[in-house]
Amino acid sequence: LYFIGGLLKHAKGFTAITNPLVNSYKRLTPGYEAPVYIAWSERNRSPLVRVPAARGVGTRAELRSPDPSCNPYLAFAVMLKAGIDGIKNQIDPGEPVSQNIYTMNKEEKESLGIESLPSTLNEALLELDKDKVVKSALTGHILENYIEAKREEWENYRIQVHQWELDRYLTVY
Numbered sequence: 001l002y003f004i005g006g007l008l009k010h011a012k013g014f015t016a017i018t019n020p021l022v023n024s025y026k027r028l029t030p031g032y033e034a035p036v037y038i039a040w041s042e043r044n045r046s047p048l049v050r051v052p053a054a055r056g057v058g059t060r061a062e063l064r065s066p067d068p069s070c071n072p073y074l075a076f077a078v079m080l081k082a083g084i085d086g087i088k089n090q091i092d093p094g095e096p097v098s099q100n101i102y103t104m105n106k107e108e109k110e111s112l113g114i115e116s117l118p119s120t121l122n123e124a125l126l127e128l129d130k131d132k133v134v135k136s137a138l139t140g141h142i143l144e145n146y147i148e149a150k151r152e153e154w155e156n157y158r159i160q161v162h163q164w165e166l167d168r169y170l171t172v173y
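Residue numbers (the UniProt record's numbering): 1 to 173.
Treat the hints with caution; some may be incorrect.
Ranges between beta-carbon positions, derived for each pair [as the list claims (entries may be wrong)]:
id : residue 1 : residue 2 : range
1  : 162       : 139       : 21 to 27 Å
2  : 132       : 30        : 36 to 42 Å
3  : 171       : 52        : 47 to 53 Å
4  : 72        : 33        : 15 to 21 Å
5  : 23        : 72        : 16 to 22 Å
6  : 73        : 166       : 36 to 42 Å
7  : 126       : 32        : 20 to 26 Å
8  : 80        : 58        : 15 to 21 Å
9  : 52        : 169       : 44 to 50 Å
10 : 1         : 147       : 29 to 35 Å
11 : 56        : 170       : 29 to 35 Å
12 : 80        : 103       : 39 to 45 Å
13 : 145       : 26        : 24 to 30 Å
14 : 26        : 57        : 33 to 39 Å
If you are wondering where the hints come from, they were derived from the structure by calculation, not from laboratory data.
None of the values given here were measured: they were computed from a predicted structure.
Even for Gly, the Cβ is constructed at its ideal location relative to N, Cα and C.
Take these sequences, add in the hints, and give me the full structure.
Quick look at the structure:
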C-alpha cells in the first residue's frame, strides 16, 4: 500500500508528464471517464487509483489518469519514482474510498482529504515544478526541455482565439 501512498502524494506533480497536452485536461473533468480525485479504492472507479477486489493469484493497482498521448517511458519513470518514494517513506495512502466521489459535496471530499488533479496543463506544470521527487525521475536536460516545450505549448494555446469564443462573443460585443 505504500506504493499507492507515493502515487497519491505525487499525483499532482506527475500529471504534467502523464497528461502532456492541453487537450488532456478536457478528459480530466469530474464525471468523465478519467478520474480527477486523488484517492484510492478497491471497487469504486471514481478515485485515481483502483485495486480491483477480484485478485486471484496476483494483485494489480490501476492508475487511471494517464492520457494515451503521454510518453510511456517518461510516465513510467515518474510513476515508479513516486511509488518507490511511497515505499521508502512509508507513505500511508489512507483508507480506500468506497463511495462514488462524483456524488460527494465539497465538505465530504474535504473531510476525507480528497484533492483534485490539476485542471490545466499550466496548473500541472506548476505542480511539477514543486515536486522534487517527480523531477528527480528525469535527467536535467530531459526535464528542462520538456518543461520548456510544455510552457510554450500552454502559452500558444492560451493566446489563441477559439471558435467557441467567436460564436459566443462576436455578435454580443
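Hint check results:
1. 162 - 139: 21 to 27 Å: violated, 36 Å
2. 132 - 30: 36 to 42 Å: violated, 29 Å
3. 171 - 52: 47 to 53 Å: For residue 171 and residue 52 the Cβ distance comes to about 51 Å; the hint holds.
4. 72 - 33: 15 to 21 Å: Holds, since residue 72 and residue 33 (Cβ atoms, about 19 Å apart) stay within the stated range.
5. 23 - 72: 16 to 22 Å: holds, 18 Å
6. 73 - 166: 36 to 42 Å: Distance hint for residue 73, residue 166 holds at roughly 39 Å.
7. 126 - 32: 20 to 26 Å: holds, 22 Å
8. 80 - 58: 15 to 21 Å: Taking Cβ atoms as reference, residue 80 and residue 58 lie about 18 Å apart, which means the hint holds.
9. 52 - 169: 44 to 50 Å: holds, 47 Å
10. 1 - 147: 29 to 35 Å: Holds, since residue 1 and residue 147 (Cβ atoms, about 31 Å apart) stay within the stated range.
11. 56 - 170: 29 to 35 Å: violated, 58 Å
12. 80 - 103: 39 to 45 Å: Hint violated: Cβ distance 33 Å, outside 39 to 45 Å.
13. 145 - 26: 24 to 30 Å: The hint (24 to 30 Å, Cβ to Cβ) holds, given that residue 145 and residue 26 are roughly 25 Å apart.
14. 26 - 57: 33 to 39 Å: holds, 38 Å
Comparing the model with each earlier hint shows violations of hints 1, 2, 11, 12; every other hint is respected.
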